[in-house]
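There are 2 protein chains.
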Amino acid sequence: MPITAPGPLSLVPFVSVQHMMQLVLEIGIPRLLAEMASYIEEDFRRWKAFDKTPRVAAHSAEGVIELMPTSDGVTYGFKYVNGHPKNIREGRQTVTAFGVLANVGNGYPLLLSEMTLLTALRTAATSALAARHLAPPNPRTMAIIGNGAQCEFQALAFQAICGVDTIRLYDIDPAATRKAAANLSDSGLSVVACRSAEEAVETAEIITTCTADKQYATILTDNMVGSGVHLNAVGGDCPGKTELHRDILLRSDIFVEYTPQTRIEGEIQQLDPDHHVTELWKVIEGSAPGRRDATQVTLFDSVGFATEDFSALRYIRDRIAGTTHFQALDLLADPDEPRDLYGMLRRAAA
Amino acid sequence: MPITAPGPLSLVPFVSVQHMMQLVLEIGIPRLLAEMASYIEEDFRRWKAFDKTPRVAAHSAEGVIELMPTSDGVTYGFKYVNGHPKNIREGRQTVTAFGVLANVGNGYPLLLSEMTLLTALRTAATSALAARHLAPPNPRTMAIIGNGAQCEFQALAFQAICGVDTIRLYDIDPAATRKAAANLSDSGLSVVACRSAEEAVETAEIITTCTADKQYATILTDNMVGSGVHLNAVGGDCPGKTELHRDILLRSDIFVEYTPQTRIEGEIQQLDPDHHVTELWKVIEGSAPGRRDATQVTLFDSVGFATEDFSALRYIRDRIAGTTHFQALDLLADPDEPRDLYGMLRRAAA
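Same order as they appear, the protein sequences are chains A and B. Going by full-length UniProt numbering, the letters in the first sequence line up with residues 1 to 350, in that order. Going by full-length UniProt numbering, the letters in the second sequence line up with residues 1 to 350, in that order.
Calculated directly from the structure, the hints in this document are not laboratory data. You may find that some hints are simply not true.
As the list makes no split between identical chains, a pair holds if one copy fits it or if it spans any two.
Taking lysine to any residue and the SDA-like style, the derived pairs with C-alpha atoms no more than 20 Å apart in a straight line are [said to hold, decoys possible]: (1) K282 with R140; (2) K86 with Y108; (3) K86 with E202; (4) K282 with H133; (5) K48 with T278; (6) K86 with P338; (7) K86 with T75.
Remember, it's a predicted structure, so these values are computed and weren't measured experimentally.
Start from the sequences and build out the full structure, keeping to the hints where you can.
Structure representation (structure tokens):
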């Protein structure tokens, strides 16, 4: 059947997983993480410019599907993301995602991109950005408890952005730790595989938790967290899913992305709804203190926020310009005369 | 740079605008509208199975970008749609859209589809489905005020689903009326181009309003609506955008899709928030009366609801099976070992 070729207004750049891998490898992961962290930081600095809303979640017994929209008044972005812990057992990703940027002025999409890889990268970049403002100065050693899909990205982000040189790994599944250690073997990081969470946190200035079970878990107990430590809690990110014992929260200074969302999804769902927390953007813009002294326990209660995805998509959009790491997708109808959508069909049939 | 081919779990069927045109023309528009109306009706009958939420809208001075999610517990769907009336003047569509179906059990997308054409089709199919339950029996003549992109689809849906044989067209821009009349010239409909809205509504048992201006407009005044008429108000679909004079609403029996959304977006934003309305699904399942007598004015205050997009996507998913009217899109990362997202990148680099 003869169909006329799509017009220029109908085409939207699409970054597939293959294209994203090409782009990431071409830029190099450490450089990409550092550059992406700059985009995320830049957008945190203009926090007030963004429309912010807690993500729109569809929960089921087995997981969650979420839409995360935001807009800075010029560009709109949203991410589709799922979280299904049992997927691992079926050979699927726990988290997959894709996202879109669009022009606020005319509503036309500007970019469609895979975001499974991109979410892993932006989550790690955000963690390391937060740690640069909250962790003890010149940290050397980070423990990572939970050695799943996010683990290596965290390690490389803290190396590239915070200067960490030693990673201490622990997972309840030793195969996960072996996988992460092998992947990091040529990273320049000193990698120590540990047999317990207690062993992993020894000497660590930063403790990252990124486990995936959808339950109230206690990955860290109070006695495991020494004074002066920075906690980067990545895994507790939906209702009913936490990683830290409540007592740790009560003696930490807690930093969050967007309070209304973190109250529902973060570690602080264990606390009173009026427990004091500080939004990270205030620390970044300098209107709230970050780390004040060497004994303070700081906690970044990270759940992932829409502006971070916006920043990551904005970065990808800038970086694919002039490359071949995308394809033009015929996503939008583009009739010769815009009111004549039906005529476009008629002419296609002719 | 060598990159391994995407695995089967990474691929999502994508229906482009070109593919959608091929599919629509292969099925034939009247048959497609009737079949799609059956899917929409089927999903209205199981209304209680759906997660329902008013759409998530990002408003700007020039338009709106919306996400419309829903789920029946087995399948999740959402639509991205914009509405920018000024786009017409720049050679763009007022409304463009795309949508996704996903598996609730594992969160993986099942279908990505253009929805600019599909929204036009589902809007018309829903209007005609509502009229089959609300309009006077055996209607012959419909007036359509507003002859833009939606107009011909409305005409063909009412022909295919309600048996209408005469369409009376009016638009403030005579070129729009000429365009619609030309497009409908071989439809089998008797088409009458009118010089005023008053002329268009003469003898019409059904009056469809589908204008696009984002303002409180008065396309119909009270004296233009005779007893027994069915009003199909399609164009008033966001805050500050209405088409009917309030007096018409006050003497109509009003039917809506999803009350909380229509209170914000529909004609009834002009009324008290507790003004009685009936949800269409109740009429379809038989638990609320539709048209009761020959003098009643019925009004379908249509704004478009997420379940209708879900039904339309479900229909497309069923109809592309076994055809070539889609392409496989490499949207999802699919590492050999699901926890080894980073290893996938490493192996791609090797």
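The hints, checked one at a time:
| no. | hint | verdict |
| --- | --- | --- |
| 1 | K282 with R140 | neither (26 Å within a copy, 64 Å between copies) |
| 2 | K86 with Y108 | between (36 Å within a copy, 13 Å between copies) |
| 3 | K86 with E202 | neither (31 Å within a copy, 62 Å between copies) |
| 4 | K282 with H133 | within (11 Å within a copy, 56 Å between copies) |
| 5 | K48 with T278 | within (15 Å within a copy, 41 Å between copies) |
| 6 | K86 with P338 | between (46 Å within a copy, 11 Å between copies) |
| 7 | K86 with T75 | between (35 Å within a copy, 17 Å between copies) |
Consistency with the previously given hints fails for numbers 1 and 3, ordered from lowest to highest.
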